[in-house]
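Asker: Chains P and D supply the protein sequences, listed in that same order. Position 60 (the first sequence) corresponds to 60 in our numbering; numbering is contiguous. Position 263 (the second sequence) corresponds to 263 in our numbering; numbering is contiguous.
Honestly, the hints are just simulated from the structure, not real lab data. Quick reminder that beta carbons are idealized off the backbone N, C-alpha and C, glycines included. You may find that some hints are simply not true.
To be verified - Cut-off 30 Å, straight-line C-alpha distance, at most; resulting in silico cross-link-like pairs (BS3-like, lysine-lysine):
(1) P/K75 - P/K92
(2) P/K92 - D/K288
(3) P/K92 - P/K168
(4) D/K288 - P/K18
(5) P/K152 - P/K92
(6) P/K75 - D/K288
(7) P/K75 - P/K152
(8) P/K16 - D/K127
(9) P/K95 - D/K288
(10) D/K288 - P/K133
As the list claims (entries may be wrong) - Just the calculated beta-carbon pair ranges, DEER-fashion:
(11) P/G14 - D/Q183: 55 to 65 Å
(12) P/V67 - D/T161: 33 to 43 Å
(13) P/D112 - D/S243: 51 to 61 Å
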Amino acid sequence: MAGLEIRNVEKVYGNKFKAVHGISLEVRDGEFMVLVGPSGCAKSTLLRMIAGLETVTSGEILIGERVVNNVVPGKRGISMVFQNYALYPHMKVIKNLSFGMRLARRPKDEIDAGIGQVTTLLEIEELLDRLPKQLSGGQAQRVAVGRAIIKKPEVFLFDEPLSNLDAKLRAAMRVRLTELHQRLKEQMGLSSTVVYVTHDQVEAMTMGDRICVMKDGRIMQVADPVTLYERPANAFVAGFIGTPEMNLVSATIRSGSGGLMLGLGSQAIQLDTLVVERLEKERTGDVTLGVRPQHIVPALPGAVNTLEGKVSHLEFMGHEIYLHVLIEGQPFISVTQSAGFDRDAARDSVIHFTLQQDAIHLFDPNSGESISLSD
Amino acid sequence: MATQSSTMTDIERETERTNRVTRRLGRISATVRYLILAGVGLIMLYPLIWLIGASFKTNAEIFANPGFIPHEPTLDGYVKGWQTSTPYTFATFFWNTFLIILPKTIGTAISATAVAYGFARFEFPGKRIFFSALIAILLLPNVVTRIPQYLLFRDLGWLDTFLPLWVPSALAGDAFFVFMLIQFLRAIPRDMEEAARVDGANTAQVLIFIVVPLLAPAIVSVCLFQIMWTMNDFLGPLIYLSSVDKYPVSLALKLSIDTTEAFDWNKILAMSVLALTPSLVIFFLAQKRFIEGISSGGVKG
Chain P
1 MAGLEIRNVE
11 KVYGNKFKAV
21 HGISLEVRDG
31 EFMVLVGPSG
41 CAKSTLLRMI
51 AGLETVTSGE
61 ILIGERVVNN
71 VVPGKRGISM
81 VFQNYALYPH
91 MKVIKNLSFG
101 MRLARRPKDE
111 IDAGIGQVTT
121 LLEIEELLDR
131 LPKQLSGGQA
141 QRVAVGRAII
151 KKPEVFLFDE
161 PLSNLDAKLR
171 AAMRVRLTEL
181 HQRLKEQMGL
191 SSTVVYVTHD
201 QVEAMTMGDR
211 ICVMKDGRIM
221 QVADPVTLYE
231 RPANAFVAGF
241 IGTPEMNLVS
251 ATIRSGSGGL
261 MLGLGSQAIQ
271 LDTLVVERLE
281 KERTGDVTLG
291 VRPQHIVPAL
301 PGAVNTLEGK
311 VSHLEFMGHE
321 IYLHVLIEGQ
331 PFISVTQSAG
341 FDRDAARDSV
351 IHFTLQQDAI
361 HLFDPNSGES
371 ISLSD
Chain D
1 MATQSSTMTD
11 IERETERTNR
21 VTRRLGRISA
31 TVRYLILAGV
41 GLIMLYPLIW
51 LIGASFKTNA
61 EIFANPGFIP
71 HEPTLDGYVK
81 GWQTSTPYTF
91 ATFFWNTFLI
101 ILPKTIGTAI
111 SATAVAYGFA
121 RFEFPGKRIF
131 FSALIAILLL
141 PNVVTRIPQY
151 LLFRDLGWLD
161 TFLPLWVPSA
171 LAGDAFFVFM
181 LIQFLRAIPR
191 DMEEAARVDG
201 ANTAQVLIFI
211 VVPLLAPAIV
221 SVCLFQIMWT
231 MNDFLGPLIY
241 LSSVDKYPVS
251 LALKLSIDTT
261 EAFDWNKILA
271 MSVLALTPSL
281 VIFFLAQKRF
291 IEGISSGGVK
301 G
């Protein structure tokens, strides 16, 4: 039963490269925390520091109430699932599962009980006598998870565990792991605090209780999936979460006759009071406009306060169509229902678009911080 | 119709003929190829075959009969060769060879693995310099170190013992083996070792339970090389051993030539055949692992 706390942790490599810039993060007991970010954002480094596979340059890592900076990996009360499973190739599955317990010289009946419990939970009874090379990707994955569970650790660490699986299996394993997290709590009474690293924002959104978005060794935002999606703290989080990506374009806010106007090149629309209320003080000047493709849609006939754009090409996705549009030379993606949409007419045509103003975001163009969150 | 069918048979006949020609050419080509390969193979093996044949001849026949099949096969060479002109039989010399090879091979396997593990997996101060030294030793001709080594072992009082022959190797002195294991280890992903550390293994346990099994093919190769090279080593024993009762097989073979009596070539040849046998047997027994070890550093994950 333990949470995890990271206090001002920094990592500087031998060649003076600073990978992690003073990160602080708290993972509550039993929480499923996802670290997500593009490659090179140091999310794996952070995980490996928690595991004890990398040294911590400064700061503290606490598991439970204990500072573990100088504790060897095996004594930290963690277990880890590696990207390529890292099963011991010369040992049968059963030996792979029991390796840690055998090293710790646990009594045989305890080992057997542990193996029984894990194999039932993960349905790998029939694999026990196989070698890792005789397993499929999904099976190897399950064995790797089993090897992590059998130790009954305080914290589980997952390092991109699904990235070697094909798309279909990945979707299935995603659900399975989330279920497993629940069942560990209920059936085995494990606190099962999880830190899960991925570069896939879909995995992050679907699996995490909370998500920590990272970039270049810094935390950009830590929040639950809905908050991240609806109220991104900065332009990076806004662009990283959600598919297709949020449109991020430069715009200006200026005072007009009826209040604040949002200008895009030579076009401008009246800003809704909804937005103005959320906006920091009397903010005018250059901003970055963030609008999700679902929130910029072809205008109904006769609508006012619209933006005009030229359709450059369109992608048919089934029940939706992605319109790639240029508005004042800036590319936008707009998602619209494919039913009743005349694709031939839309191709290369000029269309008016309505912004759903309750769902737009405005960011400071220099710092990238949101300026439309204060309420 | 009639013309058509006759045309068809013409085509068929033509195809049939071409096929036949192709098949015949193929057969001729294969025959020629195999003849050449067998010929070259025979030329390469001939000295060995002749050696085996000649070991069953009498001393007189060796010079009279150039063929390798003896006219009057005799075990005389083996029986008398085994007795030698010294108070010791070849059993003593084989036993001596074994006494050198056993600690040397075991020592090499253990020390080279440990050193390679250190170089391939750990950062420590002066690693670059030590590694450069290792490569330098690899490039240095053996002859250069003979005299300093001799002086060193003389001062240690190790002359005329087996120690100078196996102690350097058992302390990872064979840079080639260390280097070979380092390269092999570099190709193995570290994840398994990290997983073992998370599972609670300390450095020594990681080495013994994870790294050594993964390195096994390479370690087998190292042992085989060491056995064969030690078996064939002549210079080392020649320099350090002076008492006949400590001679290994390689030196003992020369013993018969040293004696004042006329050379009994059949004895020398017979003992040479016996001296070759252990290496050959070991090689063929471990051939599969050996080729695995030297051909690839990769381990399928």
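Asker: Run every hint past the structure and note whether it holds.
Answerer: Evaluation of the provided hints:
1. P/K75 - P/K92: holds, 25 Å
2. P/K92 - D/K288: holds, 22 Å
3. P/K92 - P/K168: Judged against 30 Å, a Cα distance of about 27 Å means the pair holds.
4. D/K288 - P/K18: Roughly 47 Å between the alpha carbons, so the hint for D/K288 and P/K18 is violated.
5. P/K152 - P/K92: holds, 21 Å
6. P/K75 - D/K288: violated, 41 Å
7. P/K75 - P/K152: holds, 13 Å
8. P/K16 - D/K127: This hinted pair holds, its Cα atoms lying about 19 Å apart.
9. P/K95 - D/K288: Since the Cα atoms of P/K95 and D/K288 sit roughly 26 Å apart, the hinted pair holds (cutoff 30 Å).
10. D/K288 - P/K133: Roughly 20 Å separates the two Cα atoms, so the pair holds.
11. P/G14 - D/Q183: 55 to 65 Å: violated, 23 Å
12. P/V67 - D/T161: 33 to 43 Å: Violated - the Cβ-Cβ distance for P/V67 and D/T161, about 55 Å, lies outside 33 to 43 Å.
13. P/D112 - D/S243: 51 to 61 Å: holds, 59 Å
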